[in-house]
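Enquirer: Given next are the chains, with one letter for each unit.
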Amino acid sequence: MPAATERRSLYLERFTDALRRADGEPGWMRRRRERAMERFLTLGVPTRRDEEYKYTNLTALRDARLLLGPARSGGLPIDAPHIPAGQRAVVFAGEPGQVTVRGEPPRGVRVRRLSKVLRTDPPGLETHLAATAQFKDHPLCALNTALFADGVVIESEPGVIAEEPVHVSFGDGLGARHPRVLILARRNSSVRVVERHSGAGAFWRNAVTEIVAEPNARVDHFRAQLDSLDAYHTGVVQASQERDSYVSSFSLSFGAALARNDIGTRLVGSGCECSLDGLFAVRGSQHVDHHTAIDHAMPHCNSHQLYKGVLDDRARGVFNGKIFVRRDAQKTDAVQSNKNLLLSDEAEVNTKPQLEIDANDVRCTHGATIGQLDATAAFYLRSRGISAAHARNILTYAFAADALERIRDASLKEHFESVLLSRFAREEH
Amino acid sequence: MLHVRNLHAGVDGQEILRGVNLDVELGSVHAIMGPNGSGKSTLASVLAGRDGYEVTAGSVTYATQDLLEMDPEIRARNGIFLAFQYPVEIPGVTMMYFMREAVNAVYRHRGQEELSAGDFLRLARAKIGPLGISPDMLKRAVNAGFSGGEKKRSEIFQMSMLEPTLSILDETDSGLDIDALKVVSRGVNSLRSPARSFLVITHYQRLLNYIVPDHVHVLSQGRIVRSGDRSLALELEKHGYGWIEERAAERVALGA
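These protein sequences, in sequence, are chains Y and X.
Residue numbers are given in this note's numbering: position 97 of the first sequence equals residue 97, and the series is strictly consecutive.
Residue numbers are given in this note's numbering: position 10 of the second sequence equals residue 1010, and the series is strictly consecutive.
Some hints here could point you the wrong way.
As the list claims (entries may be wrong) - Which stretches of chain Y does chain X cover? Using the computed rule of at least three CB atoms under 8 Å from a CB of chain X, they are:
| hint | region |
| --- | --- |
| 1 | 159 to 167 |
| 2 | 393 to 399 |
As the list claims (entries may be wrong) - Beyond 10 Å from chain Y on every Cβ pair, some chain X residues (computed):
| hint | residue |
| --- | --- |
| 3 | Val1024 |
| 4 | Gly1058 |
| 5 | Thr1061 |
| 6 | Thr1064 |
| 7 | Pro1072 |
| 8 | Arg1077 |
| 9 | Lys1127 |
| 10 | Gln1158 |
| 11 | Tyr1204 |
| 12 | Gln1221 |
To be verified - With a Cα cut of at most 27 Å, we get these calculated DSSO-like pairs of lysine-lysine:
| hint | chain 1 | residue 1 | chain 2 | residue 2 |
| --- | --- | --- | --- | --- |
| 13 | Y | Lys339 | X | Lys1139 |
| 14 | Y | Lys322 | Y | Lys352 |
| 15 | X | Lys1151 | X | Lys1127 |
| 16 | Y | Lys413 | X | Lys1139 |
| 17 | Y | Lys116 | Y | Lys54 |
| 18 | X | Lys1151 | X | Lys1139 |
I should point out that these hints are in silico values taken from the structure, not numbers from a laboratory.
All C-beta atoms in this analysis are idealised placements derived from N, C-alpha and C, irrespective of residue type, glycine included.
Please put together the full structure from these sequences, using the hints given.
Expert: Written out as structure tokens, the structure reads:
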């Protein structure tokens, strides 16, 4: 591992590259990048001394050589098995500076390259980009902000209800990748975005997605993290919700040697609703960490959270769910649940609800369970001729599939079910 | 076909079966009656291979094979079926998926071709109708939210799908009203054939009015203390289990 000074010069070298690529961006963006770089250099890659990273060791990411992957390599990932025929808007995001938009987006939804929008239409971005996801206390978000080369802006026009989802597909990576997505749902509109990360090889993906829901808008965000088992994955999804808006987030995390996702929403208008749900399944020596944060700033908002985890072998899982209820957020209704299934004696999960409540007329509930497969149910299946291994897979699938019930989009639900099936319910006789 | 010899078994070091002897020949219906705690359900569990039961002595031979050596799924594939006293709820797994996996596991074992989705559905519909269950049950999660009667019918449905050689019915009648009891009994009777045997475990004589047994055995304190024909069940109905238990106690006192 390079010494601190060497690391610093490597980061700065990458930053110089980023600024060169960012030539032509507006001044405010350049200033945000500079502030973000400063912030990252001050905070550094988090260590386990930081309470937020108590159970997740990111030491490997301190190897700044990760940042030295070739600036460019091969072609774009073109396979997208998850996209049902007939769904057209697809964004492929591969190497830095290589983002392509294919097909027609749903009517009333604009899907554009971030690098282009920053140069041609920046005013629409200034209030949201690198402002919704705040990097002050988040070094990895800061690093993405300083270094991102390109990304995608998905924007639904006011009043538009998009019939089809927009697919964003992140493929293979080398070195470090810092993809950026901004979803803007204008007033009274509704948009669905499926973000899929599935890259081969050993690399570090550090993704940031910002979501803005204007009054009475709806955003459904699905995130499938299926990166290679040699990859590191860190991700931020941060939403900001105005009055009467609805945001749902579903995070599926099966891949990566180490994955850390920070998913949060700020309810800055009254009458909002949000669901932050997720499902992770890890085995071998995989480690997956979800930190969620819901900030109830205004009254009459509801939030729901259901995270389920399946851990096998020596895998480790972390769930930390923060709920802030500010003084003005009366009549808040917040429900949080985290359920984990341990398939091996050596698997481990750390789960922690973290509630900070400053209002007095609220309902906040939370619960966490850690359990094993039901031996009676397994015997029931076996007593009908189903093998022990298959019974275990069926019951594991059933536990996990329950989390998918929260997905209202039928074709997406089906897709995630098939991902899950191939993971658990392999035919074993 | 089934030969139980001097079977001793228990749970957590506590002996429950204390030397059971039983022979069930192909094509016959045997009823096992007995008071609570006599070991009826333990016998059913040991025969089906449930975990946690320890066999300390004796043997069970099923179609010339050592039954106790077989895993539960191998027993099932070889034609043993246990209708559970308390069927297990499995949220998230549909009845359709569950039964298709089970039926195909059994078919594979028998060297039969697996059923396609369409063929499976046709077969399931044909079997489910006579039991007075809506085919919608196939889409529901296994036993989840089923009423007591529905759960027992679901067991009989599963039995008719798997067409077992030896069916063990563990208190299938308990908690059933008379109408459900008749439906369940009809389901069982429709499967009766010279190629199938049944072990009907019950606390009450009532069931045996509908599923008429060839032989009746009384289990008491882990042993079969009396065997006879159907009239034994009627006698029990008249005198109660106390009568049997007193006689068993006498026999123990006499060192029999």
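Enquirer: If you check each hint against the structure, which ones fail?
Expert: Hint check: 1, 7, 8, 10 and 17 fail, others pass.
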